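Asker: Those sequence lines, one after another, are chains S and W.
The C-terminal position of the first sequence is numbered 331 in the numbering used here, with every residue numbered one higher than the one before it.
The C-terminal position of the second sequence is numbered 1464 in the numbering used here, with every residue numbered one higher than the one before it.
None of these hints come from the bench; they were simulated from the model.
The structure displayed is predicted, hence computed values, not measured ones.
Glycine is no exception: its CB is placed at the ideal position from the N, C-alpha and C atoms.
One or more of the hints may lead you astray.
Said to hold, decoys possible - Restraint ranges, calculated between C-beta atoms of paired labels, are given here: (1) W/1179 with S/6: 49 to 57 Å; (2) W/1143 with S/301: 32 to 40 Å; (3) S/148 with W/1262: 53 to 61 Å; (4) S/282 with W/1284: 30 to 38 Å; (5) W/1448 with S/204: 25 to 33 Å.
Claimed, not checked - Facing chain S, from chain W, some residues (calculated, C-beta under 8 Å): (6) 1015; (7) 1183; (8) 1186; (9) 1202.
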Amino acid sequence: MTSATVAVRETTYREAMRDALREALAEDERVFLMGEDVGRYGGCFAVSLGLLEEFGPERVRDTPLSESGFVGAGVGAAIAGMRPIVEIMTVNFSLLALDQILNNAATLQHMSGGQVHVPLVIRMTTGAGRQLAAQHSHSLEGWYAHIPGIKVLAPATLEDARGMLGPALEDPDPVLLFEHGTLYNASGPLAEDAGPVDIQRAVVRRQGRDLTLISYGGSLPKTLAAAETLAADGIEAEVVDLRVLRPLDDATFTESVRRTHRAVVVDEGWRSGSLSAEVSARITEQCFYDLDSPVLRVCSAEVPMPYARHLEEAALPQPEAIVAAARAVVG
Amino acid sequence: MADFTMPSLGADMDAGTLVEWLVREGDTVHRGDPMAVVDTDKSAIEVESFDDGVVERFLVEPGARVAVGTTLASLAPLDDAPTKVPAARSPGAATTPAAGPPARHGHHRRPHTPRAAPPPLRHHAAELGVDLTTLAGSGPDGTVTRADVDRAARASAPSPLPLQRRAEPGAATRPRPRRASPYARRLAAELGVDLASVTEVGGDGAVHAAQVLGAASTAVAPVPPPPPAATSPARVEPPPKPRGTGASRTTIAALMSRAKREIPHYYVATTVDLGPLTEWLRRSNRERGVSERILPAAALLKATALTARDHPELNGFWVDRAFVPGDDVHLGVAVHVRGGALVAPAIHRTADLTLPEVMAALRDLVARARSGRLRRAELADPTLTVTDLGDQGVEEVIGVIYPPQVALLGIGRVVERPWAMDGLIGVRPTVRLTLSGDHRATDGAAGARFLNTLEERLQHPEAL
């Protein structure tokens, strides 16, 4: 396969996600999309723009401002045989539906002894960087990655935005997709025939021998930028995109760390009790005798996300901080 | 006074062969330290000390087969007070005057280095001024525990000549032990670099892999035993095993090294026409159910067992400079186990079994070997081992004899070859059989006769 035979077009993360939704709605009549402003308004981040006109109000449903209500309706529809895609505006608001997600969606398979599956997909926006302040900007996907019974995905590339929804809908159990708000406008080439991607494994996004940078979601572009800066100084960083936050694919990042002997974890979540803590712990458990430096982490400052641009920038992991941590572990 | 005895490593083990010592006379050992490799006929096993003490004297030489409970070495008690150590080791020291400074236990204790101490312990040791590299660990897998560090600190404090300083003349002038990364410690162990001799440090003041590699490259440059290494037994050790190899590799390594070191191998080989056998199996298998069908491998085993009965000089053991024939033919079958291990359990009285019984036994043995459920009796006393790598696709296997056996038959893949017979050329299934013999026990002629008989038997499969 060469680029000469595969048509490539310029697209955005938003459009890739929309194409994935369109394909899912067209291919399976059990699939429907519901959430706040997903229909007439086209989605608060314009992901579902035009889908109401294309598929009608039965398949693209606007809901009242009640996360617990419409996520619960999604759980019920999934049990009853539908394949609902529920959109929650931001991860902060998903806390209103946490009871439905944790106590119902995640548990029913186990509590019913495997008799009841909940093939539900929940999409939500996560992360900061757009001056939306502390009630719309947090990165709480690490909390969801704590919950057994669900799968947690974080598409960070156009390919994953286009290709994760299909396999997520095929999964018999609940899958959560976290779309970082700063990624929607990310643009680049995407193959016309881009299709489903693996939702089991992490991916090495850049090869390197000197250290392993482990990241996901909105932090991935910053991490790749940091790797470019490091390369200019002769430090070759390997970049692992976790992609699947639960269940974590230890094998990919531990294999990398065993080769490079050094690791930095980049996570927009707060450091304490975070996903980065889990990744760091697993590296220590599995690669201790291969480590040539302590595992370092670059996380968000432990404050509610500030509104002011300069403060927000200061609170978030930035390429400069990633570069500094990388230099520290390389020594 | 505690003695180190031949342990019973299984209910039906009554004797074992000492393969090699992992310690030297005069060495200080702690409970849990591997002291010797013992061959239980199934595999070589590292045997650990049950006591703390100083190895006084070896009472059994490597290669000797002794009954369970036989004293292998005498241990003198070890007192925490360092002043007692010289007295305790004096008998052993007398027999090994050139053994180097014996108090530096922990370095020549085992061929591979124990896992590095965890960071908090290193910190603790640094605070107390204890050099971890001089400690023998008493924890699991020889890891150094906090108690070991405390004991060493106590031992060194009141003594005018602290233990580790007397052992390491340069120690007095050495700076405080430096921090080192786990990977750096592992690399140092693998490369035989003494961390204390690494003078460079990283930006954070700790020794990292780069500094160890730097030290290793400069250390390799001079003559093999560099001057400072003369007093350090660690330097003259062969490089430890590479990572990723477990105990089974160690034991196989010990056993195979012994085989190649001690056994003067000779090899004879022949290519045999398997036409009659495969044709006969094809016909007779037609009447058998799928699960009862007999593979050529089983028929080859049966034929080998009958041949071994015809040639008892190749079926037995070389013990104490003499050949001891096996009490019957118990063919050992080499089985590769996932994870890199190799076992060669026996099919008891192989020659007396019918072909279907040999097939069933082989199937059962391989399955249980791979699931780790072999019985002790099967591991005991194979009299002749067969290694069949035909399923791996090779045409010829020139094998290493499994001590103390005196022969090994290597079987390759059944290959169709052009074959001249009775003045005509045809395509026949053939197999390459290679006999490795112990030249101390037999000569090439005996091996040749064995292969001739085996070939003859394979031409008359109905007699199997």
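Asker: Where does the structure disagree with the numbered hints, that is, which hint numbers, in rising order?
Answerer: Failing hints, ascending: 4, 5 and 6.
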